[in-house]
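Using the sequences and the hints, build the whole thing.
Each protein sequence line maps, in turn, to chains A and B. Heads up: the first sequence begins at 46 in my numbering, then just goes up one per residue. Heads up: the second sequence begins at 96 in my numbering, then just goes up one per residue.
Be a bit skeptical, because a hint or two may be false.
[What the hints assert, rightly or not] Here are some, though not all, of the chain A residues that point toward chain B, as calculated from beta-carbon distances under 7 angstroms:
{"no.": "1", "residue": "S88"}
{"no.": "2", "residue": "P89"}
{"no.": "3", "residue": "A91"}
{"no.": "4", "residue": "V94"}
{"no.": "5", "residue": "T96"}
{"no.": "6", "residue": "F149"}
{"no.": "7", "residue": "G150"}
{"no.": "8", "residue": "K151"}
[As the list claims (entries may be wrong)] With a cut-off of at most 30 angstroms between alpha-carbon atoms, the simulated DSSO-like pairs for lysine-lysine come out as follows:
{"no.": "9", "chain 1": "A", "residue 1": "K158", "chain 2": "A", "residue 2": "K114"}
{"no.": "10", "chain 1": "B", "residue 1": "K166", "chain 2": "B", "residue 2": "K194"}
{"no.": "11", "chain 1": "A", "residue 1": "K104", "chain 2": "A", "residue 2": "K87"}
{"no.": "12", "chain 1": "A", "residue 1": "K114", "chain 2": "B", "residue 2": "K194"}
{"no.": "13", "chain 1": "B", "residue 1": "K152", "chain 2": "A", "residue 2": "K151"}
{"no.": "14", "chain 1": "B", "residue 1": "K194", "chain 2": "A", "residue 2": "K151"}
{"no.": "15", "chain 1": "A", "residue 1": "K87", "chain 2": "A", "residue 2": "K154"}
{"no.": "16", "chain 1": "A", "residue 1": "K87", "chain 2": "B", "residue 2": "K194"}
{"no.": "17", "chain 1": "A", "residue 1": "K87", "chain 2": "B", "residue 2": "K166"}
{"no.": "18", "chain 1": "A", "residue 1": "K103", "chain 2": "B", "residue 2": "K194"}
{"no.": "19", "chain 1": "A", "residue 1": "K123", "chain 2": "B", "residue 2": "K194"}
{"no.": "20", "chain 1": "A", "residue 1": "K154", "chain 2": "A", "residue 2": "K104"}
{"no.": "21", "chain 1": "A", "residue 1": "K151", "chain 2": "B", "residue 2": "K104"}
{"no.": "22", "chain 1": "A", "residue 1": "K87", "chain 2": "A", "residue 2": "K158"}
{"no.": "23", "chain 1": "A", "residue 1": "K104", "chain 2": "B", "residue 2": "K194"}
{"no.": "24", "chain 1": "B", "residue 1": "K152", "chain 2": "A", "residue 2": "K87"}
{"no.": "25", "chain 1": "A", "residue 1": "K123", "chain 2": "A", "residue 2": "K104"}
{"no.": "26", "chain 1": "A", "residue 1": "K123", "chain 2": "A", "residue 2": "K154"}
{"no.": "27", "chain 1": "B", "residue 1": "K166", "chain 2": "A", "residue 2": "K154"}
{"no.": "28", "chain 1": "A", "residue 1": "K103", "chain 2": "A", "residue 2": "K123"}
[Said to hold, decoys possible] Quick list of the computed label-pair ranges, beta carbon to beta carbon:
{"no.": "29", "chain 1": "B", "residue 1": "V183", "chain 2": "A", "residue 2": "S130", "range": "16 to 22 angstroms"}
{"no.": "30", "chain 1": "A", "residue 1": "H57", "chain 2": "B", "residue 2": "G135", "range": "15 to 21 angstroms"}
{"no.": "31", "chain 1": "A", "residue 1": "K87", "chain 2": "B", "residue 2": "G135", "range": "16 to 22 angstroms"}
I should point out that these hints are in silico values taken from the structure, not numbers from a laboratory. Yeah, the Cβ is synthetic: ideal placement off N, Cα and C, and Gly gets one too.
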Amino acid sequence: ILNVEQSPQSLHVQEGDSTNFTCSFPSSNFYALHWYRWETAKSPEALFVMTLNGDEKKKGRISATLNTKEGYSYLYIKGSQPEDSATYLCAFENYGGSQGNLIFGKGTKLSVKP
Amino acid sequence: NAGVTQTPKFRVLKTGQSMTLLCAQDMNHEYMYWYRQDPGMGLRLIHYSVGEGTTAKGEVPDGYNVSRLKKQNFLLGLESAAPSQTSVYFCASRPWTGKNSPLHFGNGTRLTVT
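Listed below in structure tokens is the structure:
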């Protein structure tokens, strides 16, 4: 059974703090790693889809890195703002599994205090 | 361009009743998915489809059936609802797998089975 782990489960930071969290996934048969941002009472929205080892992606104050050999990805938020409060999900996509199936982690819930 | 639309948004069923959840996308996407989201769990895949006329089982398919008669629609059926199917259901779609192909989610359907 493929497992995707995210840590920490939750995080409370002050406005202006920079923060990061981790997604661990199986290192074999890697195809893609997804990051989603999920605000309360809304649906998940895609941040990044990463496919290459060493990939770095950036969107405003949010960036992500990928290490497929060791099976982890980091998501960084620089200068957190209250509007960054959300649950951040990662999802692993592998070759050989169900076509296009993503295995989701349980998410990291970020709360940013003003 | 509405994206992914789910109907209904809320529903309360009694044990043993049946219902169908509708997912419609207007982006001409090939892949469509049904997930359920429960407290403390990640998004879990129920069924998915890799194209019109195709369906396949995901991680938690028992008690559900699906159909994809038209490319734009993916229906999720509960033949005989059980309290364990109380959950929030999300539909998602994507054009292809892997690179540059994130999931596009609907707004969810909250189902309560009493």
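Okay, the hints, checked on the actual structure:
1. S88: Holds, because the Cβ-Cβ distance from A/S88 to chain B comes to roughly 4 angstroms (cut-off 7 angstroms).
2. P89: With a closest approach of 5 angstroms, the A/P89 hint holds.
3. A91: holds, 3 angstroms
4. V94: Status holds, d = 5 angstroms.
5. T96: holds, 5 angstroms
6. F149: holds, 4 angstroms
7. G150: holds, 6 angstroms
8. K151: holds, 5 angstroms
9. A/K158 x A/K114: Cα-Cα ~36 angstroms, so violated.
10. B/K166 x B/K194: Within the cut-off at roughly 22 angstroms; holds.
11. A/K104 x A/K87: Between A/K104 and A/K87 the Cα gap is close to 20 angstroms, so the pair holds against 30 angstroms.
12. A/K114 x B/K194: With a Cα-Cα distance of about 18 angstroms, the restraint between A/K114 and B/K194 holds, given a limit of 30 angstroms.
13. B/K152 x A/K151: Holds: B/K152 and A/K151 sit about 21 angstroms apart, inside 30 angstroms.
14. B/K194 x A/K151: holds, 22 angstroms
15. A/K87 x A/K154: holds, 14 angstroms
16. A/K87 x B/K194: holds, 25 angstroms
17. A/K87 x B/K166: Given that 30 angstroms is the threshold and the Cα spacing comes to 25 angstroms, the pair holds.
18. A/K103 x B/K194: holds, 16 angstroms
19. A/K123 x B/K194: holds, 25 angstroms
20. A/K154 x A/K104: holds, 19 angstroms
21. A/K151 x B/K104: Satisfied, since the Cα-Cα distance of roughly 23 angstroms is no more than 30 angstroms.
22. A/K87 x A/K158: holds, 20 angstroms
23. A/K104 x B/K194: holds, 17 angstroms
24. B/K152 x A/K87: holds, 26 angstroms
25. A/K123 x A/K104: holds, 11 angstroms
26. A/K123 x A/K154: holds, 16 angstroms
27. B/K166 x A/K154: Given pair B/K166, A/K154 is violated - Cα atoms ~35 angstroms apart, limit 30 angstroms.
28. A/K103 x A/K123: Given that 30 angstroms is the threshold and the Cα spacing comes to 11 angstroms, the pair holds.
29. B/V183 x A/S130: 16 to 22 angstroms: The hinted range 16 to 22 angstroms holds for B/V183 and A/S130, with Cβ atoms some 19 angstroms apart.
30. A/H57 x B/G135: 15 to 21 angstroms: holds, 19 angstroms
31. A/K87 x B/G135: 16 to 22 angstroms: holds, 20 angstroms
Violation of the numbered hints given earlier is confined to hints 9, 27; the remaining hints are satisfied by the structure.
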